[in-house]
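Undergrad: So you can see what is in the structure, the chains are spelled out below.
Protein chains: 2
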Amino acid sequence: MEITFLGTSGCVPTETRNLSSLIISHLNSPYLFDCGEGTQRQMRIAGINFMKIDHIFLTHLHADHFLGLGGMIQSMDFMERTRELNIYGPRGTQETINTLLSAGTFILDHLTIKIHEITPGPVMESENHAVTCAKTLHTANSIAYLFEEKPHRKFLKQKALDLGVPEGRLFSDLQQGKSVTVKGKTITADQVLDNPIMGRKIIYTGDTKPCNNVINLAQDADVLIHDGTFSNDEKELIEEAAHSTNTQAAEIAVKANVKKLFLTHISQRYPKPEDLQKILDDARKIFPETYIAEDLMKVQVEKHW
Amino acid sequence: MEITFLGTSGCVPTETRNLSSLIISHLNSPYLFDCGEGTQRQMRIAGINFMKIDHIFLTHLHADHFLGLGGMIQSMDFMERTRELNIYGPRGTQETINTLLSAGTFILDHLTIKIHEITPGPVMESENHAVTCAKTLHTANSIAYLFEEKPHRKFLKQKALDLGVPEGRLFSDLQQGKSVTVKGKTITADQVLDNPIMGRKIIYTGDTKPCNNVINLAQDADVLIHDGTFSNDEKELIEEAAHSTNTQAAEIAVKANVKKLFLTHISQRYPKPEDLQKILDDARKIFPETYIAEDLMKVQVEKHW
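If you read the protein sequences in the order shown, they are chains A and B. Per my numbering, numbering through the first sequence is continuous, rising by one, with the last residue being 335. Per my numbering, numbering through the second sequence is continuous, rising by one, with the last residue being 335.
Just to be clear, a hint being listed does not mean it is correct.
One copy or any two copies: either way a pair holds, since identical chains are not told apart in the list.
[To be verified] Lysine to any residue pairs mimicking SDA-like chemistry, simulated, CA-CA at most 20 angstroms apart:
no.	residue 1	residue 2
1	Lys82	Gln298
2	Lys239	Thr135
3	Lys180	Met31
4	Lys189	Ser209
5	Lys82	Thr44
6	Lys82	Glu157
7	Lys289	Asn242
8	Lys302	Arg74
9	Lys302	Gly77
I should point out that these hints are in silico values taken from the structure, not numbers from a laboratory.
Required output: the full structure, derived from the provided sequences and hints.
TA: Below, the structure written as structure tokens:
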């Protein structure tokens, strides 16, 4: 499981930071979270094939988080993609995408887009992972996403052999959670699978003030990617902006007991390395495993088993 | 007068080329031509302050030429710009901009935008330059732009002195084209100004098939920036695409008697340096002063006087 930061700037792009977007890659599939202007090009630079994306998750409907969808969808269509593209976002997402795609003379020729306007709770599930969301404190219906690998139960081979199960197809059935019958005796998966080990968890807040829902959603996560728009030296700025400071994000990381914190959505106010170093140092006094996300940075999330 | 290429890719951005956009800088003012997705960031990388742009010219309403307006306008507004922004484009420009800005939850707080839906002929004029446009062959109302410095007439100081004009304010009046009266005698500007020297001319075609209007508009220009989407080796591609090849653009440059030709809107089909070299070599066989535009390339256009 790998995170690629595609854009880490807040509101306005800078020389070194594009607008909000990141990819979580899992089992060769890229999942896109937010899609600020310029995201399709960032993917090309990062070597990620945007034609492989089937699921896009929007945290809220401010333009610096979705404007890149217009170009990317048109490129997919231009390159004659027909496979369905799923876009998840809060109420208003359907209208926003419709509006964006109706600007100018564009008509979709190939691509089918399915919009999912979601509410807090489960968002999607596959065989190997699940995505859940929770309400944040930024806009009326802004959301944070949890991308979670499903728990794993190790197969206890010796125990299965001791119970008389022969190696082969029955092993595979048991590993998949099915029961099997050997010489008239039923053996359940529970008997030969170890206690479940929690899968990897990545949480991405989008823009938000410090928020209890994030603490709950992020509990024990491997990686928390949190709004870190402002420095704690300029705390007065966040009153009206509904963003977080570096130290507020670090406090959330402590409360949620996560392993690592990445600050993103960095304001253009901090172009100087020394300002960023102070932002990092101040956050690390509270939560030592803090990092500042940079464009095109890749983060490996290690397996739990 | 300087050209900065901000985006030189056709339709889809690549690792090295952003979508269509270029700046002509003249007397400290930047004039923006087309504004593909990611243009505001390209300007930051190029060190051009987008807050200084007062005039934007769109060649047509395909998204790869205008999608960047949404983000740039929002950034200008976010940074509390109030000075009027003029956007020129074909019929449909007003509706396109309205649609683009109505996606999501955005509301303009500060900026005033004036849209000018233009037809072939004069577009705008200032004290020092004029912009003219002509119909091209790409969409129903696609246009090419000519950016032209006004002609210059050298002031013949000795002739003015010989006619009895004293140095000082009257010299300045004559230089500005006014008549002056010295000891009851009227002296006109025509008497003391040399024959006009043509100002610098830059023409940008946007997307187009080879087109007579471009030949006429570009006559004797310093720089012709022409659609060069395809290589002449793939001539069959242009039949349906309404673009030009490298050699077609070079033929236009010959017919228009321009000084330099820059090919732009390069297809993603040519990522390899050797392919680009062949595109360049083939065009130079027809028009030796051909160049391929690259992102962030700056071109100085030398003074005529």
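Undergrad: Take the hints in turn and mark each one as holding or not.
TA: Evaluated hints:
1. Lys82 <-> Gln298: Answer is between: at 18 angstroms across copies they meet the 20 angstroms cutoff, but 31 angstroms inside does not.
2. Lys239 <-> Thr135: between (39 angstroms within a copy, 19 angstroms between copies)
3. Lys180 <-> Met31: within (13 angstroms within a copy, 60 angstroms between copies)
4. Lys189 <-> Ser209: within (14 angstroms within a copy, 109 angstroms between copies)
5. Lys82 <-> Thr44: Result: close only across copies, 16 angstroms inter versus 28 angstroms intra.
6. Lys82 <-> Glu157: within (18 angstroms within a copy, 52 angstroms between copies)
7. Lys289 <-> Asn242: Answer is within; shortest intra-copy Cα gap is 18 angstroms, inter-copy 65 angstroms.
8. Lys302 <-> Arg74: Intra 27 angstroms, inter 15 angstroms, cutoff 20 angstroms: inter-copy only.
9. Lys302 <-> Gly77: between (28 angstroms within a copy, 16 angstroms between copies)
Checked against the numbered hints above, the structure violates none of them.
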